[in-house]
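A.B. asks: Spelled out from the first residue to the last, the chains are:
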Amino acid sequence: MSKAKIIETNQEPIKSVDVDPITLDIIESALRNARYEMDAVLFRTAMSPGIREQHDEFPLIADRNGKMVVGQFGSFVDGFLKTYDGDIEEGDVILTNDPYSVEGAISHLNDWLVMMPIFHNGKLVGWSAMFGHMTDVGGKVPGSLPTDATTIFEEGIRFEPFKIYKKGELNSTALEIILKQCRLPHWNRSDFNAIVAACRTAGKRVVEICDRFGVDTYCSALDAALNRNKEAMRRLFRDSVSEEEIVFEDYLCDDGRGFGPYKYRCSMRREGDKVILDWTGTDPQAFGSINFYLNENMFKMFFGIYMIMVFDPQILFNDGFYDLVDVHIPEGSLMKPTYPAALSCRTHALGRMFDVLGGLLGQRQPEFLNAAGFSSSPHLMYSGYDKNQEWYQLFQIGFGGIPGKPFGDGPDGHSLWPSFTNVPNEFLEAYFPLRIERNETVIDSGGAGKHRGGNGVNLVYSFLEPGEISIHDDRWFLPPWGVNGGHPAARSRKIMHRTDGTVESLPAKCDRIFVEPGDRLEFITWGGGGWGDPLEREPEKVALDVRRKLVSAESAEKNYGVILNADEEPDAQATEKLREKMRNERGELKTFDFGRPIEELRKTCKEETGLEPPKQPDFKRATAMMENR
Amino acid sequence: MAKVRLGVDVGGTFTDVLLMNMDSGDTFRAKTPSTPSDQSVGIIKGILKACEKAGVDPSEITELMHGTTVATNAMLERKGARVGLIVTDGYAQVLQIARSFVPGGLAGWIVWNKPDPLADLQDTVEINERVGADGKVVRELDEASVKDAVKYLKKRGVESITVSLINAYANPDHEKRALEIIKKEWSDIPVSLSSEVLPEMREYERTLTTVANAYVRPILSKYLASLTSTLEENKIKSNTKVLRSDGGLMAFDLASEKPVNLMMSGPAGGVKGALWIAKQAGFTNLLTYDMGGTSTDVALIENGKPALRRETEVGDLNVRASSLDVRTVGAGGGSIAKVPELTKALRVGPESAGAEPGPVCYQKGGEEPTTTDANVVLGYLPEDLLGGEMKLDRAGAAKAIKEKIADPLGLSVEKAAAGIINIANENMFGALRLVSIEKGYDPRDFALIAFGGAGPLHANALGKLMGSWPVIIPPSPGVLCAYGDATTQTRNEAAKTEIKRFNQLKPEEVVKQLENLRDEAAELLEKEGIGADSRETLFQVDVRYSGQGFEVPIEIDLEQLKKEGFSAITDKFDKVHEQLFTFKLDLPHEMVNLRAVVEEKEQSFGAPELPQGSEDASEAVIKSSDNFWYEDKQYTAKIYDRLKLKAGNKIAGPAVVTEMDSTSVILPDHIGEIDKFGNILINPKK
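If you read the sequences in order, they're chains A and B. Read in my numbering, the first sequence has 1633 at position 622, and its numbers run on one by one without any break. Read in my numbering, the second sequence has 482 at position 459, and its numbers run on one by one without any break.
Source of the hints: derived by calculation from the structure; they are not laboratory data. We treat Cβ as the ideally placed atom computed from N, Cα and C, and that holds for glycine. One should not assume that every hint holds.
Said to hold, decoys possible - Here are the simulated DSS-like pairs of lysine-lysine, each with C-alpha atoms no more than 25 Å apart in a straight line:
hint	chain 1	residue 1	chain 2	residue 2
1	B	Lys598	A	Lys1215
2	B	Lys367	A	Lys1398
3	B	Lys427	B	Lys414
4	A	Lys1560	B	Lys137
5	A	Lys1552	B	Lys102
6	A	Lys1398	B	Lys414
7	B	Lys367	A	Lys1285
8	A	Lys1560	B	Lys607
9	B	Lys523	A	Lys1241
10	A	Lys1241	B	Lys178
11	A	Lys1552	B	Lys178
12	A	Lys1560	B	Lys598
13	A	Lys1177	B	Lys646
14	A	Lys1552	B	Lys177
15	A	Lys1241	B	Lys137
16	A	Lys1215	B	Lys607
Stated by the list, open to error - Below, a sample of chain A positions facing chain B; criterion: calculated Cβ distance under 7 Å:
hint	residue
17	Asp1036
18	Ile1037
19	Asn1044
20	Tyr1317
21	Arg1375
22	Gln1376
23	Lys1416
24	Gly1419
25	Ser1426
26	Pro1429
27	Pro1435
28	Glu1448
29	Thr1452
30	Ile1454
Claimed, not checked - Chain B stretches covered by chain A per the calculated footprint, using a threshold of three residues with CB under 8 Å from any CB of chain A:
hint	region
31	118 to 126
32	219 to 231
33	319 to 329
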């Protein structure tokens, strides 16, 4: 139930009217255009490379009840409406970054969420909203993602939803107080302005559509769009989700405090029209900051979008089908930690959730299964004072290999996140004291398969000023898995070359690593798992990959059974002979290939990664807390 | 001897030649079938035909202006040259990694297969050298590594070479030296340098743009060479120029070196043609709307100046070369309408029935209902009036719409057809909004000029959606591009990147740099005999708030800059920023690029005029049709022959005006008036 009180100057009720399918499509297209316009306005005016160059931001337009009609992460609005105890008036703009007060609609303090009610002639007709990742929100480390935090109080400034604009009037006192807590206030200021401008743009468009079609038609069309999606999804669920329970488990490698792996377990089954997704069996919350407060509705949306993409990309998605999905997340678990648990480094679990989802959905129809590779969203932070005593602070998102998939190979070094891009290296070199020595994908790092997993990336940074770096990554211990006979991919690594010649492996999650001019960091990301039997990959394609230096000749032979001649062309006869032998020698093809078991990986960890293996987490305290609830 | 100018536009089906006698102002048109295997065959045929009509000897032609899609098609069809790419050590995969962007939203990666880079990784070589972001050399160029690279690429059999080194925008020395070495090792290979093609920051975009240039260069230069020799064989010794994406002209030899500037040559011709015609009729604020068989191009013209942007989209690639800001949507006469099983929503396009099999009504085997079929069913496109060449199958179109659209949606055939038109219009409306509303322009301040084969059919409806009046339908809307080609001026620009805050600069320095750029750009015009008196210069500085990633080009007046200092630039930028994005910031401003655009002053030539008639247009009526549907109502509409219309005629909607290459619709409650140049000006009935 909504706690928020909507103040409307126009008391006339909105009538439900019939909307012909054509008008409905027109209104839907117009809203979709408005949503893209939100992105366009933001990219052009934001300042932090994270939002502007890498596009770490998520817009939506919702109906008057807060249901998302266009967008991609599901609505952030209804969680807010449920808990916000106050008036909402025309001209108000709400700002928050507190996951705990919006039921996890945003999941760490760096994400600033702006929500704006849209009024037409004094009547609430919808909401526009957007959140974006701020490079810094204060707290104990630059970038505000402390790997060793144990409570949210260490992670920066936190504000519950409040009116940053009240009836169009900016609350500049609050804004200035907030900005004072951040290391790069001018970035926060302009990114915030840009997000508000994007939301206002959407508001303007919605008002124009209402002018054009009338408010009754507009609101009724949105209802119809939500309902249309619900009916399509109902059929899709019936056809593609089994009544029998399907389970998938995957792990996060470590918590940044030396413990791991952490288990994620999700089950899926259908009862009549309803799909039930249950995270019971997921490990209790971690002591550190890798916890991910997963919003149930957001998970419904992710699930829906994956279903659509895997089975029928024609469907347009919105919040309409939410009633058809039940989500259960145990309180006090990694996916629903208890306040004031630290949340800042939730990015790995967010990525891992997508791998789990992928593993769940295709099990009944393995031809639709994707390999693993979402895995994480690796970050590098680099900050300090330069020669002119000016503060510099970089937050950069890296990318790995896209998994092999039913429709083809996974691209090398691309983004699994929608609309994300890398930062041009020339831009980095012009604005930060560093040089990018190499930017290339790592040979053989993609899992072998009929459809090859994409290679991970090796980005080599050369630092030009003294400063400190932080690293956030995962999949360094457990490799991304392959499917339908496809092999697992290579794991991630971080190698520091000091000017004195020493070479050290850095942990996947660390802060306060000090660097001197001339130090070089190899930031190597994981590959995507392979899809399908590598022995079925066309030898010509394998040879082409070898000539392009994406796969080595050794791997072509060992993993694909392809023998190349002196011109790097496949030797048909030798290849067929070798493949025949390999087919006979190997056992049944596995649906999932997770690589070696965890205990074995622990044993070889130090030797292979240069790092101590993670210790089995001890959940005594967390379990006690869960039991007390 | 008369000055004779030719505009030549090669389309998918027809080649149009427009001959203008610059002294008398007379124009003559010739249309011949295009000859895709060697376009110059069709062109020369058209030229000779036009000369014959005009009674002009081919040797009298003084200027030939050409809009070409050769470069565009080579890119779209991936039929360009095999490009060898030379890069800095560590950057071989610059095109493989690209910007790491996956289209299609969350989980879009599941269905996306990445196209191969324009230059194969096998044909990409790293050389040893390094320049820093400040332009200082970090590692000297290892000349032996360049020699090895050339040897390797020669062995690989590449047909064109690109050199794109990191930070070459800040210091091109290594690229220039590499060029010398390559030329010494392999003298006849065409080489494109990133620091020459696009001296701007962002290594992926610069490399891609330069590779795209190298990719289309052999094909385009071969084509232009073949056209030149065909012209010579026919004793045509005119000045020959190609229309660039940005609406300027470029001599054939320069175009052969920088074909990346020609990717939008075709659509640019349309925009320039529309502008020229509309200007005669007294309109300078225009939305241009060019709807063809598979796609629609739209652009905005303010005060007679088409909006420019700093990039060109060709298929799935985005190259950094200036182009008129033409937006394309996949909505055309051939766009297929369908109702997906699961959602029961009506979708139109972007899939197209193309020319083969084409719409159902063409009876060439098409089975999927298209926008054209909907136009036939609603009576907007008469069945038997396409110059008598082809009869359209209305019953077949109606049957396809009934089975595939109307029945699944539970609608009447006419309602379903109207739905198809409305959705197609909405898609095009979206593109028009992109160039207008989303840039902060009010479309009600603009007239809408429609052309292309299908534009005049939908123009009235779009005018209504946009509130853009009048809707202008020029004479021969199917061949407007050739007009554009013939009426354009020579133009050249010179630019450089220099990222500095204004407080680190002096106005005099910036003025000096701009003047140097002007002189550099003017050189080419000077060579073509266009003296200082016949030239105009436009100065631009790309500005942003320090820290932003996108710049806004600000036009500046040198005198004002000298007098007022940088506030002449920054105040204007703040104003534009506020107009575009609703806010401005109290942050230092930064200069990114400097640019001078030098253009030949416009020459005026008159458009042909129609004889004056009365308001009564009944002489032009061919017949009446009672099959005209609009907003679920059936009307009787008159069908007019455009060639018989006279200046001053008024046509009340509903009406259909037909001519050889196009059909125009005037909706109920609207009136079309014929002006003295033969334009139909449609306005709502008062």
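A.B. asks: Now tell me, hint by hint, if it's right for this structure.
C.D. replies: Hints, one by one, checked against the model:
1. Lys598/B / Lys1215/A: Holds, at about 20 Å.
2. Lys367/B / Lys1398/A: Answer violated: Lys367/B to Lys1398/A is near 63 Å, above 25 Å.
3. Lys427/B / Lys414/B: holds (23 Å)
4. Lys1560/A / Lys137/B: Between Lys1560/A and Lys137/B the Cα gap is close to 17 Å, so the pair holds against 25 Å.
5. Lys1552/A / Lys102/B: Status holds; Cα separation ~21 Å.
6. Lys1398/A / Lys414/B: Judged against 25 Å, a Cα distance of about 78 Å means the pair is violated.
7. Lys367/B / Lys1285/A: holds (22 Å)
8. Lys1560/A / Lys607/B: violated (48 Å)
9. Lys523/B / Lys1241/A: violated (53 Å)
10. Lys1241/A / Lys178/B: violated (59 Å)
11. Lys1552/A / Lys178/B: The given pair, whose Cα atoms are some 22 Å apart, holds under the 25 Å limit.
12. Lys1560/A / Lys598/B: violated (51 Å)
13. Lys1177/A / Lys646/B: violated (64 Å)
14. Lys1552/A / Lys177/B: Given that 25 Å is the threshold and the Cα spacing comes to 24 Å, the pair holds.
15. Lys1241/A / Lys137/B: Violated, because 32 Å separates the two Cα atoms, which is more than 25 Å.
16. Lys1215/A / Lys607/B: holds (19 Å)
17. Asp1036: holds (6 Å)
18. Ile1037: holds (5 Å)
19. Asn1044: holds (5 Å)
20. Tyr1317: At 5 Å from the nearest chain B Cβ, Tyr1317/A passes the 7 Å test, so the hint holds.
21. Arg1375: violated (17 Å)
22. Gln1376: violated (14 Å)
23. Lys1416: holds (6 Å)
24. Gly1419: Interface hint status for Gly1419/A: holds (4 Å vs cutoff 7 Å).
25. Ser1426: holds (5 Å)
26. Pro1429: OK, holds: Pro1429/A within 7 Å of chain B, min 5 Å.
27. Pro1435: holds (4 Å)
28. Glu1448: holds (5 Å)
29. Thr1452: holds (6 Å)
30. Ile1454: Result: violated, 11 Å to nearest chain B Cβ.
31. 118 to 126: This one holds; 7 residues, not fewer than the three required, reach chain A with a Cβ under 8 Å.
32. 219 to 231: The restraint on the region 219 to 231 of chain B holds, since 5 of its residues have a Cβ under 8 Å from chain A and three suffice.
33. 319 to 329: violated (count 0)
Hint compliance for this structure: hints 2, 6, 8, 9, 10, 12, 13, 15, 21, 22, 30, 33 are broken, all remaining hints hold.
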